[in-house]
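**Student:** With the numbering used here applied, the sequence shown covers 594 to 708.
Read the hints as simulated data drawn from the structure, not as lab findings. Treat the hints with care, as some may be off.
Restraint-style ranges between C-beta atoms, simulated for each label pair [claimed, not checked]:
id: 1; residue 1: Gln594; residue 2: Ser708; range: 35 to 45 angstroms
id: 2; residue 1: Trp698; residue 2: Asn666; range: 32 to 42 angstroms
id: 3; residue 1: Gly658; residue 2: Pro634; range: 20 to 30 angstroms
id: 4; residue 1: Arg612; residue 2: Arg638; range: 14 to 24 angstroms
id: 5; residue 1: Ser625; residue 2: Pro680; range: 31 to 41 angstroms
id: 6; residue 1: Ser707; residue 2: Ser618; range: 28 to 38 angstroms
id: 7; residue 1: Gly635; residue 2: Asp667; range: 38 to 48 angstroms
id: 8; residue 1: Ser655; residue 2: Arg612; range: 10 to 20 angstroms
In this text, a Cβ means the ideal position worked out from N, Cα and C, and glycines have one as well.
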Amino acid sequence: QVQLVESGGGLVQAGGSLRLSCAASESIFSISAMGWYRQAPGKQRELVAQITSGGSTNYADSVKGRFTISTDNDKNAVYLQMNSLKPEDTGVYYCKARKRIYVYWGQGTQVTVSS
594 QVQLVESGGG LVQAGGSLRL SCAASESIFS ISAMGWYRQA PGKQRELVAQ ITSGGSTNYA
654 DSVKGRFTIS TDNDKNAVYL QMNSLKPEDT GVYYCKARKR IYVYWGQGTQ VTVSS
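Could you put together the complete structure from these sequences and hints?
**Tutor:** Set out below in structure tokens:
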């Protein structure tokens, strides 16, 4: 079982930046894909960004050009660099890992962007 721990959320003004981190309990070489999802109040959880073990990335249209997902294999971590934040980016951000047929989620970290 893969355990995921997110950090880096907080309160930031519109236009600001945050960097989210997700630490995995095992080598991410064994993980097929890792991603960041977010859930705003009253809305469904949605994909923000994803990166595969081969390095392919995928972003939601709403964050393209502003957010960047990356990994650090030595630290078993995945990051989400968020720039030019907007109030609509507010929500709980979750880290997700897919390993074979299994899916694992972190506990989430709150991101609040004030206008």
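**Student:** If a hint holds in the structure, say so; if it doesn't, say that too.
**Tutor:** Structure-based check of all given hints:
no.	hint	in the structure
1	Gln594 - Ser708: 35 to 45 angstroms	40 angstroms, holds
2	Trp698 - Asn666: 32 to 42 angstroms	21 angstroms, violated
3	Gly658 - Pro634: 20 to 30 angstroms	25 angstroms, holds
4	Arg612 - Arg638: 14 to 24 angstroms	21 angstroms, holds
5	Ser625 - Pro680: 31 to 41 angstroms	33 angstroms, holds
6	Ser707 - Ser618: 28 to 38 angstroms	34 angstroms, holds
7	Gly635 - Asp667: 38 to 48 angstroms	39 angstroms, holds
8	Ser655 - Arg612: 10 to 20 angstroms	19 angstroms, holds
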